[in-house]
Every structure is written in C-alpha cells, then in structure tokens.
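S.K.: Now for the letters of each chain:
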Amino acid sequence: MAEEENSLPILKVNNLTKTFGGLVAVDELSFSVPQGIIYGLIGPNGAGKTTVFNMITRFYKPDSGKVLFQSDQGEVDLLDYRVHEIIDLGVARTFQNIELFNNMTVIENLMAGGHSQLKTNFFQEIFRLPGFKAKEKETRQQALEILDFLGLAGKENQPASSQPYGVQKLLELGRILMAEPEIILLDEPAAGMNDSETNRLAKLLQLIKDEFDITIFLVEHDMSLVMDICQQITAINFGKKICQGSPAEIQASEAVQEAYLGRKEN
Amino acid sequence: MLDSLTDSHPYTKYIVGTLIFMLMILIDLQLNIFASRTINLFIRVVYFSIMALGFNMLLGFAGQISLGHAAYMGLGAYLTAYFSNFMGWNFLLILLLSGLIPMVLGIALGLIALRMERLYLAIATLGLGVTGQMIFQEWRAFTRGFSGIRLDRPEIFGFAFNNSRHFLLLATAILLLVIILTYNFSRSRTGRALSAMRDSEYASQSLGVSLFKYKLLAFAASSFYVGIAGSLYAYAERFVHPSTWGVELSLDMLAMVVIGGLASIGGSIVGAAFLVLVPRITAATPLLAEITNMNYILTGLAMILVIKYLPLGIYNTIDVKLIQPYLIGRSSKEFRYQDLEKQEEG
Amino acid sequence: MARIIFIQNIIGGLETGSLYALAALGVVLIYRVSDVTNFAQGEMAMFSTFVTFTIWTYSRAAGLPYPYLIAFIGALIFSAIFGYSIERVFIRPTAESSLLGKMIVTFGLILIVNGSAAAIFGTDSYYMQRAIGGTMIIGNLVVRPHSFFVIFLALVIMAVLFYMIRNTMFGVAIRATAQDRETARLMGVNTTKVTAFTWIMATIMGAIAGLMIAPATNVSTGMMADVHLKSFIAAVLGGFTSFIGPVIGGLIIGIMDNLVGYYISTNWQTVIVYGILILILIFKPYGLFGSRPQKKV
Chain A
1 MAEEENSLPI LKVNNLTKTF GGLVAVDELS FSVPQGIIYG LIGPNGAGKT
51 TVFNMITRFY KPDSGKVLFQ SDQGEVDLLD YRVHEIIDLG VARTFQNIEL
101 FNNMTVIENL MAGGHSQLKT NFFQEIFRLP GFKAKEKETR QQALEILDFL
151 GLAGKENQPA SSQPYGVQKL LELGRILMAE PEIILLDEPA AGMNDSETNR
201 LAKLLQLIKD EFDITIFLVE HDMSLVMDIC QQITAINFGK KICQGSPAEI
251 QASEAVQEAY LGRKEN
Chain B
1001 MLDSLTDSHP YTKYIVGTLI FMLMILIDLQ LNIFASRTIN LFIRVVYFSI
1051 MALGFNMLLG FAGQISLGHA AYMGLGAYLT AYFSNFMGWN FLLILLLSGL
1101 IPMVLGIALG LIALRMERLY LAIATLGLGV TGQMIFQEWR AFTRGFSGIR
1151 LDRPEIFGFA FNNSRHFLLL ATAILLLVII LTYNFSRSRT GRALSAMRDS
1201 EYASQSLGVS LFKYKLLAFA ASSFYVGIAG SLYAYAERFV HPSTWGVELS
1251 LDMLAMVVIG GLASIGGSIV GAAFLVLVPR ITAATPLLAE ITNMNYILTG
1301 LAMILVIKYL PLGIYNTIDV KLIQPYLIGR SSKEFRYQDL EKQEEG
Chain C
2001 MARIIFIQNI IGGLETGSLY ALAALGVVLI YRVSDVTNFA QGEMAMFSTF
2051 VTFTIWTYSR AAGLPYPYLI AFIGALIFSA IFGYSIERVF IRPTAESSLL
2101 GKMIVTFGLI LIVNGSAAAI FGTDSYYMQR AIGGTMIIGN LVVRPHSFFV
2151 IFLALVIMAV LFYMIRNTMF GVAIRATAQD RETARLMGVN TTKVTAFTWI
2201 MATIMGAIAG LMIAPATNVS TGMMADVHLK SFIAAVLGGF TSFIGPVIGG
2251 LIIGIMDNLV GYYISTNWQT VIVYGILILI LIFKPYGLFG SRPQKKV
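Protein chains in written order, with my numbering: chain A, 1 to 266; chain B, 1001 to 1346; chain C, 2001 to 2297.
Be a bit skeptical, because a hint or two may be false.
Keeping only pairs whose Cα atoms sit at most 35 Å apart, straight-line, the calculated DSBU-like set for lysine-lysine is [stated by the list, open to error]:
1. A:Lys137 - A:Lys119
2. C:Lys2102 - A:Lys61
3. A:Lys155 - C:Lys2193
4. B:Lys1308 - A:Lys133
5. B:Lys1308 - C:Lys2193
6. A:Lys135 - B:Lys1308
To spell it out: a stretch of chain C is covered by chain B in this simulated footprint if at least three of its residues, at any positions, have a beta carbon under 8 Å from a beta carbon of chain B; those stretches are [unchecked claim]:
7. 2021-2028
8. 2160-2166
9. 2245-2253
10. 2264-2277
Please keep in mind that the hints were generated in silico from the structure rather than gathered at the bench.
This structure is a prediction, so every number in the text was calculated from the model and none was measured.
Every residue gets a Cβ at the ideal spot worked out from N, C-alpha and C, and that includes glycine.
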C-alpha cells in the first residue's frame, strides 16, 4: 500500500462547505484523492456525497472552500471554471439517476461524449470541409472500440433508451471515457445492478484504472463493491468527515459503524 | 430522432428525391400538365419546408420552444419587400440579408431563453409573436401597415423568374441546399451537442456542451432559416401583409414539425406538405368544404393523434416501420422495431 | 380631474385585472395538478362565451324572464360539461406523453376549439350586454356598476376556491396532487378525479372571464386572444408555483394595461406591457412569487 501513499494527489478538496437554506449539507470537508487509484466516498443516505460531487463538477456553487485539481497546466482551482469547462481539464462524471441522451442511439451517445475531444467547427461541418470526415470517422472508431471494451459491441445503432438498466449505466460510463478524462467521478455506478453485473463492473473499473490510466473517484452504497475495489476511502456523515483510510481501517472504525447503524446507547 | 438509423443510406435519398422533383417540373415546363394552382401549391410546400426545417432545428434538434417565430419569418418577408422595392439589390444578397437580420434578433431571443425553462419561454415567445405582429401593423414606414407591400419576382443576372415554374425550380434548389446543410449539421459534433442538450442539460454540460453557445446557435440557425423562408414567401406571393404573421403561423410551424416528425428532415417536408394540402383537400371534399375552418380542426386533431399514437411523427414512422426494416433487413439485423416501441414509451 | 381619471383607470384595471387573474388561476390550477399548460384556455373560454351568447339571444327572443341570468347559469353548466369532456377526450388519453407532448396537445386543442367555434357560430362578431348596464356617479367619479360586479364576482369565486383548497378534504387532495402526483395516488387520493375537477373549475373560471369581458371585446372567435395572452403573462409574472401569485400578477397586469393604454398609447399597449414582463423575467426568471424547481442531479 506504500505505492499509493507516494502518489501525488490529483484532486484536493479543501474546507468545502455548502448550506441549503440554513441546513448544512457539507461542512468544512477536506480530503485528497491520490492519482491512479480507485477512491471511494461513502456515508449514509443524506450524508452529502452527491452534493460533494455536484460541487466538484460545478453544478453547485460551494459557500466556501477550494477544489484543487492537478491538470496538465499545473494545479488549478476547479471553482474558477464553469460547468462545461472542467471536462477540458480532464474531469468527467456520471449521474445518480442515469442521464443518457434518450432520443439518440447508443453510438450517438458515445460520440456526443467525445464532444470535448472532437475539434471540428460549424463551417467545417455544414460544408463538409476537408478534415471533417477523418475526424468524424476517428471519433466513431473510438466509440466502437469503447463499446467493444464494455462488451456492448453490436448495439451501436439501437436507441439508448431501449437498453436495460445495467447497460444504460455502462453506456454512461463509456460516454465519459470518450472524453479521455484524467479522473472520473462515478455517482453510484452499481445502483440497480444485480450481483453478476456488479462483479463485471468491478472488473471493468479495475481495467479502466489500469488500461486507460484514469483515476476513479466513486460514491457507492454497495459496501462489498467499495471494500472490494477502493484502495482508499473517506466516510462522511452530516457533511463531515468521520473517517479516512484503507478499506480495512474503515471497516474497523467505530465512527463509521455508528453512522451506519446509529448509536447503540439507550 | 433516430435519424442516424439511416446512416448506412445517407442523404442521397433527399438529393435524388429533390432532383426527380425538379426534373418533373422541368419537363412540365414544356408540357404544362400541372395547373398553375398546383404549381403555386408546390411553391408553398417548398418555402414552408424551409420554415419547418428551421423550426425543427429549434424544437426537434435542440428541444427549445418558440411561439414567436412567425414574427421572424414576417421580418424576412418585409426585409425582402423593402430591399427589392427601395434598394433594388441583387436577389441573393436580399435572400441572405433576410436571413441574417432575423438571425441577429434570434440570438437576442436566445439570450432571454437562457434564463428560462420551457414553459416560461413558450409564454414569453407567445408574447413576442403578438408584439412582432403589432409592430408590423404599426410601423407603417417600413411595412405600410394594413395596406401591405407588393413586390416583383426575383431576377438573377438579368433572368427574371416571372414564370412560376421557373421560380419553383429556384426555390427547390434553395431547399435542396438547405436540406444538405441541415443534414450535414445534424450529423456532426454540433448537431449531436444540440440533441444532447435537448435530452439532458446536465449530462451535456458535464461533457463540455456550453448551453450558452448551443442555445444561441439553435435560435440563430432557426431564425436564419425562417427568415429565408419569409423572403421566399414574399417573392412567391408578391405581397406581404401583417395578418400573415400571427401566432397562427407559429402554431402552424409547430404543427408541421410535430405531425411530420421531430428532429427529422423528411418529417419537416412531410409536415409542410400536410399543412399546405389539408386546406386544399378539405376545400375539394363536398361535405367538409361547407364547414368553416375545417382544416384547423383536422390539423389540431392530427397533432393530438400523432402525439398519442405516432410520437415519431408521420415521416419517421413510415421510414422506420416500412422503409428501414426493408433496408436493414437486407444489410444487418441490428435494429429491431421492438426496440423502438420501448423507446416510444420512454 | 387628473386624479379622478387616474382612479377611474385603476378601477378599470382592477376590473380587467380580476378577469386576467381568474383565467390565470385556472391555468395554474391545471398546471399544478396535471403538469399540463393549457394554452387552449382562452379558446375554450371563447367557445363557452359563444354558447352563453346563444342561450342569451334565444332566451330574449323567446321572451323568457331574466335572459341574462338564464344565460349565466347556462354558462356554468355548459362550461362544466365542456371542461370535463375536453379532459376526458383529449387530456386523459395523452397523460403519459412527455411534458412537451402535453403542451403540444393543448396547441392542437387551440386549433380544434377555434375551428369548431368558427364552424358552428361563424366568424362574425356580436354585441353582448353587461351584467349590470348603465353608469353611476360616486362623487366626481363616473363608473360602471358592471366593473364592481366583475371585481366582486371574481373575488367571490377566488375566495370560494381558496377556501376549498385550504380547508376541505378535496382541497387537501388537490394540494397533495399538485405537490407530488405519484405519492398522492399511493396515499389513496383519486388523482383522476382531482384532475377532472380542476379542468371543470378552470373551464368555468375561463367561461366567466369570457362572459365578463365580452361586452368590451364583442363575442367573436378572436375575442380571447388578448385576454388569453395577458392571463398567461399574469401567471408567469406571479409564478406558476403558487396559487396566489397569478392573482396578484393578474391585477398588476390589468392596472398596468389600463394606465399604459390611457397615458402612453393604446396602439402600443400590449407591446409595452409585454416589454415590462420580459424585463421582470430577466431578473426574476420564475416570476415574482415563484421559486425555481429543484431537480436532483
């Protein structure tokens, strides 16, 4: 485990705070995600996990705090960027309630995922100027490869919304891989999956981390998955960090058990 | 929607279709088989097709709504009348300007749209449409108010398109160009970004789609198309009057796109043809002809029936149910109709 | 004198404003309960008014006593049936469509109702009498009793409606359905009945608004265009998320409309009122009393 401790943090969250109408959802939260590992954020329902994701990916504006990200251009504060700009830095995410493009086909969903990578402009597109075709083809090829990687080859021309739930989850994952990110934030990737799908997902995530060299940061309810694949975990409750460490340390933590099971007094 | 199912059979069908139509008119130029009424009907289908394509860009592709686009079309028509009567400019320049000026106003509308959700936008644009029509009535220096403006058919390099068949050929050529550009645009990064924005604003933003840029683009492009359609309207009808540019026309655009097929090029044309032909057919049908505004009732019913039974629109349903299974059945078995049924429910 | 004219304009504004409020409240009621924005509200009101006008004309021709009262009761009965039929025939079968689809259904309804009205009643315009004719003089003010009747009637209807929503079991059902349709249904609320009822209520309110505005606009297929737009603007101004918002929005629009019409220009009245709306919306995109719906990402 020494290897992980040496690796540089790719994402550092410093004193992040968010209140909703007087209720503190996230309270002075700090943690850092080392590069190249699978990192988990856990906590009971309503602990503020998705709120953290929404602040990092700029859907919510935090009241205070910093989100430092190690990008190609050095360390940047994500809060200086707008919601559609962070993908260019290499930060991508999935959503808790699947947000696929339902009226598009599977391959169109993936190709739309390549939006930030594909550099064609409007005039090139409408007049089919030189360079357009090659780039479009390249994107399509990449999409097909990712579908193949996910084990979904052959589904490219089917409507995205007609896919079963598990496949839709995978498609959302594939769609962000198209953006060639540095780090991916997965909001409950295994929710709604059966055991065999979850097992496959665990293997896929390991592969994504190793083959694509992507740091994975996930929020998840399925404890066995988290304990299985995460190298480091932060547990939060009521927006505050209650424990941080390896899966073994988390499992041993009384604070975590208390948060999940409630106080055993009385 | 799902237009990319036809990817293995690209837009040649549109080009071939249009060329056959043009050839037919060319032959008719010698034989005069069609009545001039029929030719005029064709002309209306053509300029309404451009209008519907523009509106589909907004509603079908980008998922934005406007009930004020009739005002942009009216502006295109008035600009054309004004430039051709008082400036005597070249046809192509006028056509371009009649698209570009509404486009600038369309961008302004897009800026407002950025701050509103769909319902509020629908109502705000409804007000805009009413306002636009009032301006056409009151701004007499530009529009001559209720007297209306007359103008002549266009002229290119000394060739006057006075013969309606000639004008129909010209308009069809412009439609073909618009179809090709729309097709190219819809199968590209920009087109996908628009559709992505329509289906999920959250996901599209997180993938790098700037709502600011693409909403403005949708409004700009659709206003440009509609302005061009207005220009062709003015040249075709040779008369521009404020009563044309009411909310009814905006509703017609919506009806065309819904009935024909959202986010579909073929659907826009089928929808335009539907709305042009229904009044003619009812007027020619003995019993229906006696009922005032029967075509309104039929159009309204068609809209509701399509929403209930054919959410993909007439064109796409025919395309997907009859043409695609035939074509795909021969090439691959990837697509099955059951998938679409599920998709319709979603 | 200037002050008297001003007061007269305010009274006129309250009169039309309370009609906008009535129509807007109908739209918002339906919207909250069934997620449908009824763009055909104005056309439906026009249709009801035509029916009322027809009853009135026939009652007079037949020499019946109190023809206006007969017509008024006829309006209530007809619009209730009309509202229910529209809901049953067009809205309920398309309840599973997307939000945009539901909106489009009501656009289709505009065409159907307007076309039917033209087919049945023709495209001419007709005179309709006021509920109470003549004028009266209070001090230096010259006012129409009709104005007070309209304001009073609108207040009574809204008071009854608000009382019902706040204090009766059925009101609880309406509020529950407006809050969360699915949960309400699971809790045993008959949401189908609630929806049908709101359509009936809204159609009645629209019909009354139509009947009351008819003396000013005449009865014709285009009579509700302006009222319709302004009631929607009132709903937007007040915000679709509250019941009281559209009422206040309606009164504001009514007064503003009259003042602009008198002091600035009648020709540009709608344009100016609309411009003010856009300005307000730029700063308050969800209306004066509305709140932004929070969607979970």
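S.K.: Now, for every hint given, state plainly whether the structure supports it.
M.R.: Outcome of the hint check:
Annotation: proposed proximity of Lys137 of chain A to Lys119 of chain A holds, straight-line Cα distance about 12 Å (limit 35 Å). The suggested pairing of Lys2102 of chain C with Lys61 of chain A holds, with an alpha-carbon distance near 33 Å, which does not exceed 35 Å. Restraint check for Lys155 of chain A and Lys2193 of chain C: not satisfied, since their Cα atoms lie roughly 43 Å apart, outside the 35 Å limit. Distance restraint check for Lys1308 of chain B and Lys133 of chain A: the Cα-Cα separation of roughly 39 Å exceeds the 35 Å cut-off, and the hinted pair is therefore not satisfied.
A C-alpha spacing of about 21 Å is found between Lys1308 of chain B and Lys2193 of chain C, which places the hinted pair at or below 35 Å, so the restraint holds. Between Lys135 of chain A and Lys1308 of chain B the alpha-carbon distance is near 40 Å, which puts this suggested pair outside the 35 Å criterion. Figure legend: the segment 2021-2028 of chain C, annotated as covered by chain B; annotation inconsistent (0 residues with Cβ-Cβ distances under 8 Å, at least 3 required). For a cut-off of 8 Å, the count of residues in the segment 2160-2166 of chain C with a CB near a CB of chain B stands at 0, and the three-residue condition is violated.
For the segment 2245-2253 of chain C, the stated coverage by chain B is violated: 0 residues have a C-beta nearer than 8 Å to a C-beta of that chain, whereas at least 3 were required. Coverage of the segment 2264-2277 of chain C by chain B holds [criterion: at least 3 residues with CB-CB distance below 8 Å; count 7].
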